[in-house]
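A.B. asks: Input sequences plus hints: build the corresponding full structure.
Order-wise, the sequence lines are chains A and B. Heads up, the first sequence is in the working numbering, so the first residue is 31 and it goes up one at a time. Heads up, the second sequence is in the working numbering, so the first residue is 31 and it goes up one at a time.
In short, the hints are calculated from the structure, not lab data. Nothing here was measured: the structure is a model prediction, and the numbers come from that model. No false leads were slipped in.
Identical copies look the same in the list; a pair holds intra-copy or inter-copy alike.
Calculated pairs, BS3-like style, for lysine-lysine (alpha carbon to alpha carbon, straight line, at most 27 Å): (1) K91 to K194; (2) K194 to K85; (3) K85 to K38; (4) K91 to K35; (5) K149 to K95; (6) K98 to K150; (7) K183 to K126; (8) K98 to K85; (9) K150 to K91; (10) K98 to K38; (11) K95 to K78; (12) K149 to K98; (13) K68 to K78; (14) K45 to K98.
Residue strings, one per chain:
There are 2 protein chains.
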Amino acid sequence: MEKLKKYKQIYEFVKKKIQSGTYPEDHYIPSENELCSKFSTTRTTVRKALEELLKEGFIEKEQGKGSKVIRRSKSIGLLTVRGFSGSTPDYEVLTKITKEPKISKWDPVIIFPLSEEEKKSDSIYFQRVRYINNKPIVLENNWYSQHALELIKSEDFVDGSFFKTLSQNHYIEIIGSEQELRSIAATKEVAKNLDTPVGDPILQISIRFKTSRSDLFLYSILYCNTSEYPIRNSYFL
Amino acid sequence: MEKLKKYKQIYEFVKKKIQSGTYPEDHYIPSENELCSKFSTTRTTVRKALEELLKEGFIEKEQGKGSKVIRRSKSIGLLTVRGFSGSTPDYEVLTKITKEPKISKWDPVIIFPLSEEEKKSDSIYFQRVRYINNKPIVLENNWYSQHALELIKSEDFVDGSFFKTLSQNHYIEIIGSEQELRSIAATKEVAKNLDTPVGDPILQISIRFKTSRSDLFLYSILYCNTSEYPIRNSYFL
DNA sequence: AAGTGGTCTAGACCACGCG
DNA sequence: GCGTGGTCTAGACCACTTT
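C.D. replies: Now the structure itself:
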């Protein structure tokens, strides 16, 4: 799996230009036809790339005018397939591993039904805290099945990113996710990690990531302090 | 605007079959090629319809096998373009208007920037409570600009649905939304309407709906009691 | 080998915004 | 009138799953 799909190339190209500021906020990106000639492809493929940028809230489309870079507000665009690192705009983001990956029992807080193979196997579990501008904002618990993928130590994470590691070292891609959202009161553990009073309202996001390997799912439970950085989501078409 | 777009026809066709149980949970729907011949169209169009069903969590795709109806769990699939009525599975849903549509000032709780025309105009405001199985689950505040659309009385809502009214009587379609999620403590008003203690964790969803009329946006702020019915979201590809 | 969904090509016509 | 994005056609080849 060496070759990047064409629509992914276009997606990455435009995304980088946006993130680097080459395409500034509120400005129009090149038209679909221009991107077509630039990448020697057709509108179907270009539109597929733009559609993904649309879903992730990087651009918005205006019929008859063009596609415009969205003015990014102070909030984190979660709720997309990609993990945390791919979803925050330009804040200073920092991740600390609070519990190293280790073999453990499946935690009953996981609300998604496990497959038979997963149930028979133990899980690999690790915990991280995500900081934005030096404040702890998200506590993240992660599990995956030991039968499907070996234990990966956190020092082996590529650029500190678990998803990037899966992609580059194991050729595993995330192809989708299901999420369930609840508002809960901070437990002692959540409060301690997010430096917030016990009982404060916290957004709990339970996620099941689907991967390109049909026997491997990733399960995450995020606890988000949304008081300063709410979660963003957009939906089009 | 009489004619329904073809991909929308296919979308509605499959969605109805799923909701009526003709395509049961966990079963495969007709293949893309079958749908092509049924509707005398090409895969591009069929795939566009299925993509929307995918985004809204009605189906999932399995490469090499087919598209399967998703087993629906006890949660409300919000966070889509469509409003509440289009997003809950098969529970008994009931809506009560708690504040009739009337002209009022814009409420500063709206986090989205208003256009100049909107600022110059007053807003139409109404409030509803959504019940699932006779429990109040969502308190909904809604605004839109008076300059863009007249006041519509709640007794004129088609099937009690505001969005259906817009579509059928005013030819206005919802084409997208932006959302921002926060976990908050229930205020007195929220607590009273949702029959829950003051201070309980509540999921607040602020939404800006884009419509086919470029000068008209709909603004909603939902307060959701997620303790029994969490909010669902899925994301693919 | 046959059928499925995933990607892609090379066009077409339409609705919309703007000068 | 022209360029933009929105919809649609009619194919092609690929990767994957099942028989």
